[in-house]
Amino acid sequence: MRYTTFLSLISVSLMIISLVVIGYPIYTFIEDAENGKFDISLRDIRIIKLENNSILLNITVYGINNGGVRITDIGVSIIYNYTTLTNDTYEGSLNVYVGDISPGDVVKKNVSVYIKGIPKELYAKITVRMNISGYLPFKMTFETPILKSGA
Amino acid sequence: MTIKADNELKSPFRYVLKAILLSLIDSVIAYLGFVYIPYMVLSSLISNIPMPHSVFYGGFIAFFFIYFVDRVSSQTPMRILISMLQGVIILYIFLSVLRGGIVTGEIEYHGTRIYYEADIRLVLYPIVAFGFIVPLLTSIVGFIESRIKKEEM
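Note that the protein sequences, when read in sequence, are chains A and B.
Using the numbering used here, read the first sequence as starting at 581 and increasing by one per residue.
Using the numbering used here, read the second sequence as starting at 86 and increasing by one per residue.
Hints were generated in silico from the structure; no laboratory data involved.
Keep in mind it's a predicted model, so treat the numbers as computed, not measured.
Cβ coordinates follow ideal geometry from the N, Cα and C atoms, glycine included.
One should not assume that every hint holds.
As the list claims (entries may be wrong) - Here are the simulated distance ranges between beta carbons: (1) A:688 / B:225: 55 to 61 Å; (2) A:690 / B:186: 31 to 37 Å; (3) A:723 / B:128: 28 to 34 Å.
When you get a sec, could you build the whole thing from the sequences and use the hints?
Set out below in structure tokens:
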């Protein structure tokens with residue numbers, strides 16, 4: 581075997597190994613997210629009515645990792661918009677830093693949102709930014725209703 | 086050596102045909118090793134990675150062309166240029182595949198559609214390192230070694 585052929589084989593093998601090292605955590609994470617093993621959700625939503633025709637929403641941001649990959653630097657950005665009983669529309673945003681979640685860990689962060697007026701509908705667009713295994717940036721976006729009319 | 090050169094002079098058609106055949110084998114092996122198998126590994130792990138067919142076919146033709154030039158010339162300085170061009174082709178193919186290094190997709194979980202963006206620009210580092218820098222360095226080292234040997238002789 582020529583030495584250039586040998587070096588090419590070594591280069592190709594190392595390239596494939598590196599691609600597997602980089603790609604496998606993403607593959608595992610997406611599998612975990614699809615099976616619900618990794619979950620970032622807004623739970624324990626409590627509405628406190630204030631005196632000046634406004635409410636305070638107490639929300640707990642849950643981060644659950646029952647998957648096989650460590651997720652670091654999780655930042656949750658919530659953009660919410662709501663329509664009040666007087667048909668006024670408002671929009672606001674808040675950022676929550678969840679931090680790192682190792683496999684088997686649960687992280688809870690409490691946040692409070694001041695809502696001007698009494699909303700009849702409140703929708704949130706949630707963007708979760710994180711690093712898979714500490715070095716692969718990943719972003720997830722989804723929309724969810726927090727308060728629905730008639731609820 | 087002289088006999089071989091005479092034979093080559095006598096039948097240039099056979100020489101070119103042999104060079105075409107060998108460069109075809111070379112380009113198939115290099116294409117499989119540096120482009121197709123790494124792409125298949127990557128796409129099996131990360132879904133929604135596009136496969137621009139024209140870039141892949143063009144890449145194969147470019148591989149064949151540079152290996153043919155390499156076979157015909159077989160000069161060491163040309164080998165360095167060939168290694169550089171090979172690296173550029175590999176890089177161009179993967180840049181076309183990765184399209185900025187962001188892979189997008191959708192997950193459905195309990196009726197909620199989750200749109201995701203995975204930043205996989207990191208894969209470009211091993212591609213640049215093992216598809217471009219390592220072959221280039223080895224050919225430069227080979228060239229320097231051959232020059233030293235010539236001077237010693």
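(request) Would you list, in rising numerical order, the hints stated earlier that this structure does not obey? (result) none
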